[in-house]
Each structure stands twice: as structure tokens, then as C-alpha cells.
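Undergrad: Just need the whole structure built from these sequences, with the hints factored in.
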Amino acid sequence: MATPAPAHTVTIYSTPTCGFCHMAKDMFDEHQIAYTDKNVQADMAARQEMFAKVGGQSGVPVIDIDGIITVGFDEEKIRGLLGI
Amino acid sequence: MVYDTIIIGSGASGLSAGLYAVRYKLRTLIIKGEFGGETARAGVIWNYPGVAGIDGYELMKVMQTQAKDGGAEIVSGKATKIVNQGGCYEVAVGEKKYIGKTVIFAVGTERGHLNVPNEAELTSKGVHYCFTCDSPLYADKTVAVVGAGDAAFKGALLAAEYCKKIMILVRSDKVRAEPATFDKVKARPNVEILYNTQVTQIVGTTQLEKVVLNTPYQGSTDLVIDGLFIEIGARPNTALATALGVELDAENYVKTDPLMQTNIPGFFAAGDTVNLFGHFKQDITAAALGSVAATSAYQYVNNHPNVCELHAIESH
Numbered sequence: 001m002a003t004p005a006p007a008h009t010v011t012i013y014s015t016p017t018c019g020f021c022h023m024a025k026d027m028f029d030e031h032q033i034a035y036t037d038k039n040v041q042a043d044m045a046a047r048q049e050m051f052a053k054v055g056g057q058s059g060v061p062v063i064d065i066d067g068i069i070t071v072g073f074d075e076e077k078i079r080g081l082l083g084i
Numbered sequence: 001m002v003y004d005t006i007i008i009g010s011g012a013s014g015l016s017a018g019l020y021a022v023r024y025k026l027r028t029l030i031i032k033g034e035f036g037g038e039t040a041r042a043g044v045i046w047n048y049p050g051v052a053g054i055d056g057y058e059l060m061k062v063m064q065t066q067a068k069d070g071g072a073e074i075v076s077g078k079a080t081k082i083v084n085q086g087g088c089y090e091v092a093v094g095e096k097k098y099i100g101k102t103v104i105f106a107v108g109t110e111r112g113h114l115n116v117p118n119e120a121e122l123t124s125k126g127v128h129y130c131f132t133c134d135s136p137l138y139a140d141k142t143v144a145v146v147g148a149g150d151a152a153f154k155g156a157l158l159a160a161e162y163c164k165k166i167m168i169l170v171r172s173d174k175v176r177a178e179p180a181t182f183d184k185v186k187a188r189p190n191v192e193i194l195y196n197t198q199v200t201q202i203v204g205t206t207q208l209e210k211v212v213l214n215t216p217y218q219g220s221t222d223l224v225i226d227g228l229f230i231e232i233g234a235r236p237n238t239a240l241a242t243a244l245g246v247e248l249d250a251e252n253y254v255k256t257d258p259l260m261q262t263n264i265p266g267f268f269a270a271g272d273t274v275n276l277f278g279h280f281k282q283d284i285t286a287a288a289l290g291s292v293a294a295t296s297a298y299q300y301v302n303n304h305p306n307v308c309e310l311h312a313i314e315s316h
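So the protein sequences, as listed, match chains A and B. In terms of our numbering, the first sequence has 47 at position 47, counting the first letter as 1, and numbering is strictly consecutive. In terms of our numbering, the second sequence has 135 at position 135, counting the first letter as 1, and numbering is strictly consecutive.
Please note that the accuracy of each hint is not assured.
Only pairs whose alpha carbons sit at most 27 angstroms apart, straight line, appear in this in silico DSSO-like list of lysine-lysine [said to hold, decoys possible]:
1) A/Lys77 to B/Lys96
2) B/Lys96 to B/Lys78
3) B/Lys174 to B/Lys186
4) B/Lys210 to B/Lys186
5) B/Lys78 to B/Lys186
6) A/Lys25 to B/Lys96
7) B/Lys68 to A/Lys77
8) A/Lys77 to B/Lys255
9) B/Lys164 to A/Lys38
10) B/Lys97 to B/Lys61
11) B/Lys165 to B/Lys186
12) B/Lys141 to A/Lys38
13) B/Lys81 to A/Lys77
14) B/Lys61 to A/Lys38
15) B/Lys164 to B/Lys141
16) A/Lys25 to B/Lys61
17) A/Lys53 to B/Lys96
18) B/Lys210 to A/Lys53
19) B/Lys78 to B/Lys25
20) B/Lys81 to B/Lys255
21) A/Lys38 to A/Lys53
22) A/Lys25 to B/Lys78
23) B/Lys184 to B/Lys141
24) B/Lys210 to B/Lys174
25) B/Lys255 to B/Lys97
26) B/Lys78 to B/Lys61
27) B/Lys81 to B/Lys96
28) B/Lys96 to B/Lys25
29) B/Lys174 to B/Lys164
30) B/Lys164 to B/Lys97
31) B/Lys174 to A/Lys77
32) B/Lys68 to A/Lys25
33) B/Lys68 to B/Lys78
34) B/Lys97 to B/Lys78
35) B/Lys78 to B/Lys141
36) B/Lys210 to B/Lys255
37) A/Lys53 to B/Lys186
38) B/Lys96 to B/Lys141
39) B/Lys97 to A/Lys77
Derived from the structure by calculation, the hints contain no laboratory data.
TA: Structure follows, in C-alpha cells:
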């Protein structure tokens with residue numbers, strides 16, 4: 001049987017020391033929602049990709065859920081986007 | 001379900017209260033709010049006894065596990081309203097409502113803002129409030145830090161790992177950072193402390209471009225920087241409590257007795273939202289206050305076992 005496609009496509013742009021980034025990732029883990037984690041401290045290409053998505057300098061986390069960008073760990077908005 | 005205690009907040013005080021409450025076998029609900037409070041974004045905690053240096057977020061996760069494993073229920077979301085009906089408390093989290101015999105109000109503080117032009121507009125666009133999150137994005141860049149307390153200086157130390165140059169803008173001629181932190185900052189060649197210096201304006205259209213100072217630096221009041229980190233302390237987050245009639249002290253912290261009882265029976269407060277240790281706001285003090293509040297809640301529930309049952313009869 002083929003693996004079902006994930007319900008959402010999620011990318012989290014984060015830094016290793018960022019508590020809010022950990023909170024966001026923990027929430028996705030808790031709900032078993034797969035995501036791609038990009039460390040924008042070490043990965044310059046990912047950092048530029050993040051800046052392009054938000055239109056310039058940004059704080060982290062930046063969370064891309066199906067093309068909708070959220071800057072910061074806005075739990076209520078994220079839960080709404082994911083329907084959880 | 002009637003909880004013996006509803007703890008509002010999941011920082012060091014709320015989670016410590018949760019741990020103690022479950023060990024007293026209280027039916028305990030923790031309403032998370034912003035998980036981990038100030039500790040979760042503080043970086044490495046070096047002064048929590050018994051723990052030889054731990055990331056603040058990890059420390060909060062351990063405390064949460066301790067409370068949860070003991071039986072505390074933990075819900076996400078922010079408490080939006082508290083109603084006291086006959087001594088029984090109804091706490092709203094969005095559309096959901098929870099009933100408790102007691103409340104432990106441990107919501108902490110909200111971050112201080114400069115309240116200067118463009119601060120809100122350029123937040124996350126060069127203006128930041130979280131060193132651990134965002135200072136790594138300023139590798140080889142120049143940033144300014146506003147603040148004179150330990151958090152500001154610890155933040156500057158972290159930023160010094162990445163940034164080319166850090167200027168700490170201190171409003172007066174006095175620094176309030178712990179001497180050990182201050183000494184570490186002074187030893188950093190890429191950190192400069194500017195005393196008697198304030199930001200009067202933040203300038204930029206879509207991105208931070210510079211700040212305007214109240215006094216010239218190297219001949220100009222314009223300070224061109226890549227990032228600005230604001231760490232000027234915090235104010236007690238008391239709106240929900242004052243709506244309930246809870247008394248505040250002269251500095252707007254929740255007023256409690258040494259057992260964390262407010263002026264409203266069954267409503268306790270703990271952590272940075274109270275001022276029992278003055279301005280000394282640490283994990284160890286927050287956790288201590290939480291443990292005392294839980295103990296008081298336990299005694300209150302023992303002395304008023306039927307308070308919510310009476311309320312339930314009256315309201316239906």
C-alpha cells in the first residue's frame with residue numbers, strides 16, 4: 001500500500017538556541033505532523049530562503065504551512081491552520 | 001469536573017506549583033499560556049541549584065514532566081477570563097471553561113517596550129526581544145542592546161558569540177547585571193557599553209536602518225546598526241486579576257501575604273507577577289513561590305471542601 005501524502009507541507013526555519021522554535025517543533029511532534037526543519041543559523045541558503053518568504057529580515061521561528069507564512073510561534077494561528 | 005486548583009501559567013512558578021499540587025493529591029489543571037515563561041527563552045540557566053547549567057527550555061520541560069507525571073492536566077491556550085462565583089472560580093480559555101476551587105495565578109510578566117516610533121512596525125524586521133532566538137541571525141553584523149539588567153548583559157554575551165560588534169545602551173550610569181555577568185561582558189573585545197544613552201527613535205521603512213540616540217556617539221546621534229535587541233525588563237501581567245478585584249501593590253504587582261494569598265479567598269498568586277522578593281526575579285524564587293502557593297491552595301481546599309459543589313447547586 002502506498003504511503004498517504006501528508007496532510008500539510010510544513011517547513012520550520014529555526015535556530016538551535018531558540019525556545020520558541022523548540023515549542024513549535026514539539027507541538028508538531030506531539031500531533032505527529034511531519035515538517036522540514038531548516039537551521040538558519042548554519043544554513044545560509046535556508047536563511048536567504050526564509051528572508052525571501054517574509055520579505056526581508058526576520059526573527060525565528062518562521063513557519064511555512066502550505067505556503068502560509070507565520071513569523072513567531074503564534075500557537076493559535078498555527079493550530080487553526082492545521083485544524084488541531 | 002471541578003478542579004481543586006487551576007494554575008494559570010507554565011513558567012517556573014506555575015510548573016513548580018503544579019508539581020507540589022499533584023503531590024498533595026489535588027486535582028490540578030495547568031493552563032499553559034506561553035510555555036516556560038521567561039525561562040524558556042533565557043538561554044542557559046547557570047544558577048538553578050542542583051543543575052549544572054541547563055537550557056531554560058529544557059529545564060521547563062523537565063518541570064512540566066514532573067507535574068504531568070504526577071497527574072496534572074495541562075491544556076494549551078491562554079486564560080481569557082476569570083469569574084468568581086460564590087468562591088468558586090470559572091476560568092475561560094477561548095470557548096472552553098474550567099471550574100476550580102482555587103486559582104494559582106502565575107502568569108508572569110510581559111516584556112517591556114521602549115514605546116518609541118517604529119518599534120512595533122519593525123519588530124522582527126531588525127527589532128527583536130529574544131536573544132536566544134534571533135541573535136544567531138546577526139553573524140558578523142553590528143547590533144545594539146537596550147538594557148542594563150542581567151538579562152540584557154547575558155543576551156549581549158550570547159550575541160557576542162556571533163556578532164561583529166555589540167553596543168549595550170544603558171539609560172543611566174549604572175548597570176544592574178550580576179557582577180559575574182558584567183565581568184564576562186567587559187572581557188569581550190567586541191562589546192562596548194554606552195552609558196547615559198537612550199534610543200529616542202527607530203528608523204526604517206521595511207527594515208531597521210538605524211536608531212536615533214539622545215546623546216551623540218562618535219559625533220552623531222544616528223547609530224547605524226543591523227539589529228536592535230530590547231531587554232528592559234518586564235511588567236507584571238495582572239489584567240485578569242484586576243478584573244476580578246485582586247489588589248495590586250504600588251508597583252502594580254499582585255499583592256499577597258507571605259503564603260501567596262491575595263485579598264480574595266482561594267485566589268493565590270506566585271512567580272514574577274508578585275513582588276514578595278522585590279525585584280529579585282529568578283527561577284529559584286519563582287519556583288519557591290509556586291510551591292508555597294500550592295501548599296496554601298491545599299490547605300484552603302481542605303478547609304473549604306464543598307465550595308464548588310455549593311456553587312454548582314446554586315447555578316443550576
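Undergrad: A separate judgement is required for each hint: does it hold in the structure or not?
TA: The hints, checked one at a time:
no.	hint	result
1	A/Lys77 to B/Lys96	17 angstroms, holds
2	B/Lys96 to B/Lys78	11 angstroms, holds
3	B/Lys174 to B/Lys186	14 angstroms, holds
4	B/Lys210 to B/Lys186	25 angstroms, holds
5	B/Lys78 to B/Lys186	40 angstroms, violated
6	A/Lys25 to B/Lys96	25 angstroms, holds
7	B/Lys68 to A/Lys77	25 angstroms, holds
8	A/Lys77 to B/Lys255	34 angstroms, violated
9	B/Lys164 to A/Lys38	24 angstroms, holds
10	B/Lys97 to B/Lys61	25 angstroms, holds
11	B/Lys165 to B/Lys186	13 angstroms, holds
12	B/Lys141 to A/Lys38	21 angstroms, holds
13	B/Lys81 to A/Lys77	20 angstroms, holds
14	B/Lys61 to A/Lys38	23 angstroms, holds
15	B/Lys164 to B/Lys141	5 angstroms, holds
16	A/Lys25 to B/Lys61	13 angstroms, holds
17	A/Lys53 to B/Lys96	35 angstroms, violated
18	B/Lys210 to A/Lys53	23 angstroms, holds
19	B/Lys78 to B/Lys25	25 angstroms, holds
20	B/Lys81 to B/Lys255	19 angstroms, holds
21	A/Lys38 to A/Lys53	13 angstroms, holds
22	A/Lys25 to B/Lys78	19 angstroms, holds
23	B/Lys184 to B/Lys141	20 angstroms, holds
24	B/Lys210 to B/Lys174	25 angstroms, holds
25	B/Lys255 to B/Lys97	26 angstroms, holds
26	B/Lys78 to B/Lys61	18 angstroms, holds
27	B/Lys81 to B/Lys96	11 angstroms, holds
28	B/Lys96 to B/Lys25	24 angstroms, holds
29	B/Lys174 to B/Lys164	25 angstroms, holds
30	B/Lys164 to B/Lys97	50 angstroms, violated
31	B/Lys174 to A/Lys77	41 angstroms, violated
32	B/Lys68 to A/Lys25	19 angstroms, holds
33	B/Lys68 to B/Lys78	18 angstroms, holds
34	B/Lys97 to B/Lys78	12 angstroms, holds
35	B/Lys78 to B/Lys141	36 angstroms, violated
36	B/Lys210 to B/Lys255	41 angstroms, violated
37	A/Lys53 to B/Lys186	38 angstroms, violated
38	B/Lys96 to B/Lys141	46 angstroms, violated
39	B/Lys97 to A/Lys77	20 angstroms, holds
Hint violations for this structure: numbers 5, 8, 17, 30, 31, 35, 36, 37, 38, all remaining hints satisfied.
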